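2 protein chains.
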Amino acid sequence: MKKIDIFKKLRTSGLRPTKQRVEIAKFLFDRDKTFHFTVESLNKLLEKKTTSKFALATIYNTVHAFKDAGHLSEVEVRGKKTYFDTNVSNHHHFYDSETSELIDINANEVVIQKIPKAPNGKKIKNIEVFINLKN
Amino acid sequence: MKKIDIFKKLRTSGLRPTKQRVEIAKFLFDRDKTFHFTVESLNKLLEKKTTSKFALATIYNTVHAFKDAGHLSEVEVRGKKTYFDTNVSNHHHFYDSETSELIDINANEVVIQKIPKAPNGKKIKNIEVFINLKN
DNA sequence: TTTATAGTTTATAACGATTCTAAAGTGAAA
DNA sequence: TTTCACTTTAGAATCGTTATAAACTATAAA
Ligand SMILES: [Mn+2]
Ligand SMILES: [Mn+2]
Ligand SMILES: [Zn+2]
Ligand SMILES: [Zn+2]
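For the record, the sequence lines run as chains V and A. Numbering-wise, the first sequence is residues 1 to 135 according to the numbering used here. Numbering-wise, the second sequence is residues 1 to 135 according to the numbering used here.
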């Protein structure tokens with residue numbers, strides 16, 4: 001992802017390109033593979049990777065702005081912390097509870113043959129498949 | 001479910017049949033259909049249904065003992081509250097985010113045709129299918 | 001019966017993730 | 001320079017959950 005795209009992510013999230021926000025955006029979006037993280041893990045990685053300091057509130061605010069703009073998604077994982085995902089396409093996950101690690105599964109790698117009808121008056125918004133792993 | 005079964009649930013959870021625990025167990029297990037709840041919702045329903053008072057700690061402790069004994073399961077739902085489920089068999093869920101309501105799907109109502117191989121050295125423990133609903 | 005004792009309930013404190021707040025900082029425009 | 005809207009930040013507040021410790025209860029030994 002090129003630098004211009006970083007600024008586009010920020011602009012389309014309603015965020016001015018401040019030092020902290022650019023660092024966060026670069027860290028999240030300037031990579032090839034999907035990245036799954038919690039606010040806490042992101043903070044630790046940012047501290048290691050950069051020389052800047054980040055208040056937790058800044059990270060929360062920035063991550064939420066990206067999420068609201070559709071540049072990040074949220075993955076539901078057992079436990080108290082919220083997991084975010086740079087992969088915003090429709091996809092599924094392996095979850096390794098030993099390492100608390102999420103692994104992407106492309107939507108086309110899961111084929112569902114049979115699914116019940118949605119309850120009366122309701123429609124299916126999306127289907128999430130979550131595969132728990134063991135050793 | 002007969003009264004004797006209530007006492008069996010308690011016994012097999014390592015819980016003596018005190019007034020509060022019997023009320024909780026009856027409320028949870030003396031019903032035909034699956035019941036999904038949070039500790040908060042259970043507390044409100046207990047207060048309505050019975051004349052006893054329940055400290056939150058008692059409900060937490062009792063629910064956790066049932067869960068540890070395998071008489072309740074936990075369902076992962078977006079949001080901060082923990083959802084419990086009287087259905088401990090392998091099954092799936094519809095989730096209606098309008099009403100925060102979970103609806104059971106029998107395991108045999110979902111047929112998965114294709115699934116990726118588990119990552120190196122890992123095995124699949126179980127598969128959870130979560131179907132989000134909209135109006 | 002009393003007493004001992006193990007287990008239980010309860011109110012409240014502590015905890016941890018997240019959100020809120022208000023003060024200090026920043027930077028572009030006037 | 002001064003202004004002013006926006007940003008960062010530290011710390012307070014919130015909320016679900018867990019821990020603690022004191023009061024209570026039931027059973028059984030003395
Ligand atoms: Mn979660
Ligand atoms: Mn949850
Ligand atoms: Zn993902
Ligand atoms: Zn269920």
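These are calculated hints, taken from the structure and not from any lab test. All values reported here derive from a predicted model rather than from experimental measurement. One should not assume that every hint holds.
So the derived list for chain A, only partly shown, Cβ under 10 Å to chain V, looks like this [to be verified]:
hint: 1; residue: 18
hint: 2; residue: 30
hint: 3; residue: 32
hint: 4; residue: 39
hint: 5; residue: 42
hint: 6; residue: 43
hint: 7; residue: 70
hint: 8; residue: 115
hint: 9; residue: 125
Simulated coverage check for chain V against chain A, where a stretch passes if three residues somewhere in it have a Cβ under 8 Å from a Cβ of chain A [said to hold, decoys possible]:
hint: 10; segment: 10-16
hint: 11; segment: 50-61
hint: 12; segment: 68-82
hint: 13; segment: 122-135
From chain V, some residues computed to sit far from chain A (all C-beta separations above 12 Å) [unchecked claim]:
hint: 14; residue: 22
hint: 15; residue: 23
hint: 16; residue: 44
hint: 17; residue: 86
hint: 18; residue: 88
hint: 19; residue: 104
hint: 20; residue: 112
hint: 21; residue: 113
All residues carry an ideal CB built from backbone N, CA and C; glycine is no exception.
Please write out, lowest number first, the hints stated earlier that are contradicted by the structure.
Failing hints, ascending: 1, 2, 3, 4, 5, 6, 7, 10, 11, 19, 20, 21.
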